[in-house]
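**Student:** So you can see what is in the structure, the chains are spelled out below.
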Amino acid sequence: MAVHDMTAGEKRSMFSITALRKQQQAGDRARLAILVIALLVVGSVFSLLFSVTTGASDASMFDVLANLGGQADALNIRDRIIIFDIRMPRAILGFLVGGSLAVSGAVMQGLFRNPLADPGLVGVSSGAGFGAVVMIVLGGTIAMPFFTLFGIYALPLAAFGGGLATTLLLYRVATSNGQTSIATMLLAGIALGALTGALTGLLTYMANDQQLRDLTFWGMGSLSGATWMKIAAAAPIILLSYIVLPFMARGLNAITLGEAAAFHMGVPVQRLKNIAIVTVAAATGASVAVSGGIGFVGIVVPHVLRMVIGPDHRYLLPASALLGGSLLIFADVLARTVVAPAELPIGIITAAVGGPFFLWILLRQRSRLAL
Amino acid sequence: MIELSNVSVDLSGKTIVHGVSFTARAGELTAIAGPNGSGKTTTMKAVSGELAAKGSVRINGAEVRDMAPWKLAAVRGVLPQASSISFPFTVREIVRMGLTTGVNLHPEKAEETAARALGAVDLHGFEGRFYQELSGGEQQRVQLARVLCQIAEPVAHGKPCWLLLDEPVSSLDISHQLTIMRLARQFCEAGGGVIAVMHDLNLTALFADQIVLMKSGRLAASGSVRDVLTDEQMQSVFGCPLRINQVPADGTPFVLAHSAI
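Just so you know, the sequences run in chain order G and Y. In terms of our numbering, the first sequence opens at residue 1 and continues consecutively. In terms of our numbering, the second sequence opens at residue 1 and continues consecutively.
Think of the hints as simulated: they come from the structure by calculation, not from any bench. The beta-carbon is built from N, C-alpha and C at its ideal position, and this holds for glycine as well. Hints are supplied without guarantee of correctness; some may be wrong.
[Stated by the list, open to error] Label-pair ranges, simulated between beta-carbon atoms:
no.: 1; chain 1: G; residue 1: G201; chain 2: Y; residue 2: F130; range: 27 to 35 Å
no.: 2; chain 1: G; residue 1: V41; chain 2: Y; residue 2: G125; range: 44 to 52 Å
no.: 3; chain 1: Y; residue 1: H124; chain 2: G; residue 2: V173; range: 40 to 48 Å
no.: 4; chain 1: G; residue 1: L187; chain 2: Y; residue 2: S5; range: 40 to 48 Å
[Claimed, not checked] In silico SDA-like links for lysine to any residue, alpha-carbon gap of 20 Å or less:
no.: 5; chain 1: G; residue 1: K22; chain 2: Y; residue 2: A26
no.: 6; chain 1: G; residue 1: K273; chain 2: Y; residue 2: W70
no.: 7; chain 1: Y; residue 1: K109; chain 2: G; residue 2: A30
no.: 8; chain 1: G; residue 1: K22; chain 2: Y; residue 2: I85
no.: 9; chain 1: G; residue 1: K273; chain 2: Y; residue 2: I85
no.: 10; chain 1: Y; residue 1: K159; chain 2: Y; residue 2: A26
no.: 11; chain 1: Y; residue 1: K71; chain 2: G; residue 2: N76
[Said to hold, decoys possible] Examples of chain G residues lying across from chain Y (beta carbon under 7 Å, computed):
no.: 12; residue: R113
no.: 13; residue: G266
no.: 14; residue: P268
no.: 15; residue: R271
All chains should be modelled from the sequences, with the hints used to inform the complete structure.
**Tutor:** This is the structure:
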């Protein structure tokens, strides 16, 4: 039944608990998914406000909202600087990075037809990291022309290139005749991770003291260096990768039945794969470039959402962007308040939560994985 | 009409299908039979467009290799051999994937089409079940329901639509085998066309209008059930002394394996 055919009463009851439960029993999770996405939008806004008002200087959410609404005297100058120049870019960057990590996990899992595929686990993040390290260490010398050509975009673009190369290689190795072997994928990921790790190590060895310091903090994963400039560098790439998501959703649904079945259903499979691989590399590359190695968001977020709203990518992808974004904001608030005035690298928090969660997925799905 | 003329398929350097030609007509059920490894499925993949083939495969007059995937999806649906899915889709979600692809002539009837397709494969009430938790035979029928949503009408825009079924009854019990074969027959009687890879020669004899018999990647025989299912053909294609017999009542041929033992 189309929404516009309904009376107001029907529209209201469409989202009632009993109506949702009945639809779920009939295998229809579309309305539940829409409801969850709406809640996630609210949650995302809340997480942004929560983040900019939490910390040593505590302005209230209402003051921030009043200030945004045009009431300039709601905040004093010091609070305005702290909120709009330090916390706000950090929260927005966290939202973008968390969202793009979750989305690239979801797209990759769809493409590989496998809930364990995650850019962090199978070497795509390491590849992107290698691209970024090349820029950090060699940016002043042989990679200089690249920097002058692309300016602030040089770092995210290099990370994108590294991510793209590893994703392509991984897909080539792990997939034959349209079937992806889980074991081959994970093992190839280990090999690629080791290779890019070695090359990264080589560059680290060559780095000077200042670069070494940059590399160490960047590699642990942190949002602490967030500036509007970094957002300007990463946001266009991340938002571009978001724009193609709606066009991929149906194709990714079809491809979970197998590449052949997707082709039978009218999906231009090769084109879809190319777009998906570039999207994963772009989203991962941009996030890795600005925030280093933040792990497990890409595997935890889509998995939790699939349990609630099901694997339909039309809802899973936007929901992943929202949940990934707001979760990372909360993780960041935790990272900068738990040992205040010092700060934990956020990668430590996501790994501490994500590691056990990943083990739990493995335990639950052991029988189905058939490695 | 689906016309194959001189079709050959190479897989990793080896020629699997050699110069096969036959014509499947709308309104008829064409069965492809033959021993394991005789190239039945590969021939089917050449028809569906999944594998590149030498020679010519035409659906309703158009060359398959020149057609975009979404154009092909509008005129033919394909039931693959067993497929597993690693995400927790419900039966309803899988079946409705068929509605979002192919040509959907009556979008306002989506709900009805999906319910009818599930009913046709005898899975009414299974909408909320998880695909991964179904038995092999039930999964096969869910897939068929999905295909029936994609190709919901036997005739669209005045041209016949096609079902390509690769061993549609391989994991079904005898009652559901009959259900599915009857379904295929009805699709033909309504003006559509069906090509099915079949292993069960008795079901083939009961339901097929035309049999395409293959051996070692070549066409061994093609024609009506009566012409193809003969003692000599069985001996030469399957290599064992099968006897073709007839029930006296209406004279339909059937296969008796007892004579081979």
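**Student:** Hints first: check each against the structure and report whether it holds.
**Tutor:** Okay, the hints, checked on the actual structure:
no. : hint                        : in the structure
1   : G201/G x F130/Y: 27 to 35 Å : 45 Å, violated
2   : V41/G x G125/Y: 44 to 52 Å  : 35 Å, violated
3   : H124/Y x V173/G: 40 to 48 Å : 44 Å, holds
4   : L187/G x S5/Y: 40 to 48 Å   : 45 Å, holds
5   : K22/G x A26/Y               : 42 Å, violated
6   : K273/G x W70/Y              : 16 Å, holds
7   : K109/Y x A30/G              : 18 Å, holds
8   : K22/G x I85/Y               : 25 Å, violated
9   : K273/G x I85/Y              : 18 Å, holds
10  : K159/Y x A26/Y              : 9 Å, holds
11  : K71/Y x N76/G               : 63 Å, violated
12  : R113                        : 6 Å, holds
13  : G266                        : 3 Å, holds
14  : P268                        : 5 Å, holds
15  : R271                        : 9 Å, violated
Violated hints for the displayed structure, listed by number in ascending order: 1, 2, 5, 8, 11 and 15.
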